[in-house]
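Please build the complete structure, drawing on both the sequences and the hints.
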Amino acid sequence: MVRVPVSVQPRTAYGPGRVVPAVSGVVTVGILPVFLVGGLGVQLQERLDFGPAVLGLGVAGFFAVAALCSRPMGWVAERIGTVTSLRVAATGSSLCLLGTALAPNWFWLLAVLWLAGLPNALGQPASNSLIARCVPLRHRATAFGIKQAAIPTATLLSGVAVPTVALTLGWRWAFAMAAFVGVCVVLLLPVRVRSEQPTGSGSTEGRGASPGRGVLLLIAAAAGLGSAAANSLGSFVTTTGVHVGFTQASAGMVLVVGSAVGLCMRLAVGVLADRRNPDPIVMITLMLVVGSAGFALMALSVPLVFPVGAVIGFGAGWAWPGLLNFAVAALYPDRVAGATSISQTGVYIGGSSGPLLFGVLASHAGLSAAWMAAGGVAVLGAVLLWLAGRSGATRRSG
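Counting from 1 along the sequence shown, just add 69 to a position and that's the residue number in my numbering.
Because the hints were derived from the structure by calculation, they are not lab data.
Small disclaimer: the values here were computed from a predicted structure and weren't measured.
We put the beta carbon where it would ideally sit given N, CA and C, even for glycine.
Some hints here could point you the wrong way.
Claimed, not checked - If you anchor each label on the Cβ, the simulated ranges turn out as follows: (1) GLY445 with VAL325: 24 to 34 Å; (2) LEU456 with LEU171: 43 to 53 Å; (3) VAL111 with VAL252: 19 to 29 Å; (4) VAL374 with ILE149: 49 to 59 Å; (5) SER432 with ARG282: 36 to 46 Å; (6) VAL260 with GLY314: 53 to 63 Å.
Rendered as structure tokens:
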């Protein structure tokens, strides 16, 4: 069981009131390049003269670079420090956003978008480490939930950028404004942390040795499967909605509502974990199982059932990443950046390959079969996570 003892955390130079917004800003700016390219895809394709294949290649390349660099960037974050890593990550993402705003052709766009995966891979483990060091244990799961809620927030910002900026001032201004936001995030970051303590500082009583690398790899594999299943929601919910009889507008509204529910649930499960102190691995396992039921409902192609399935899919099947980081940080308190960089690698691989494989299956066997397969993948991820939890509990009790 991955139960986290309640303890008093030593005070640092900057408390949660500054650390959490800062790391959330870094995560948001880090993922904005790929989400803005997706949200402004129509304008980009018209102005830079490329097709959907190039757009898909750019998005997949971003996540592929992030997956390849996640573990090395975790090592870098441990060597140069969390605050320095976050500054470098936010600066790098801002430069990539500015580079995209200046893109003269799609070759340039593709290169900058792929390059943007690098600072994103650095910002994730560094932000996890800073939260684990600076946020009191009684609020830590909530902090991880807020940090991960920054990702669906970036999705919503990208959607808002289309009518408010891209269609009025032009798509280049949307990227330029996002780059300016990145500069503000760099200024928001704390200058230093007075006393960076190990994640488990304050009390290690009752905590055994950290689980071995095999448990962490099981968790990464489970995260990859869960991410592969859930990442298809953003790409195929509206398509499926139109397929089952919704208008484009109403199918888009299902996506908006589902995304909002997912964002709120990421915050809610963090608060619940702090207040009730459950086993986070068990919580994520149950969420994946419940999420798979949502995918199955979507596979029924029934108009009345489809939105229910979508909300369940977003609210359970894709609301666990913050809880996952919290669990890994609790399991590996002395190497949070390195451990979460490995689990994040699984998330990146699943996030890039899942929608691609979903689309291939949907084109050959239909959307219903693809959603059923997504549900099966989520269940398989839950099984692997359950095995990881059992293995970790056995090691600590041995």
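So, going through the hints one by one against the coordinates:
1. GLY445 with VAL325: 24 to 34 Å: 27 Å, holds
2. LEU456 with LEU171: 43 to 53 Å: Taking Cβ atoms as reference, LEU456 and LEU171 lie about 48 Å apart, which means the hint holds.
3. VAL111 with VAL252: 19 to 29 Å: Between VAL111 and VAL252, where Cβ atoms are some 28 Å apart, the hint holds.
4. VAL374 with ILE149: 49 to 59 Å: Given a distance of about 50 Å, which is inside 49 to 59 Å, the answer is holds.
5. SER432 with ARG282: 36 to 46 Å: 38 Å, holds
6. VAL260 with GLY314: 53 to 63 Å: 56 Å, holds
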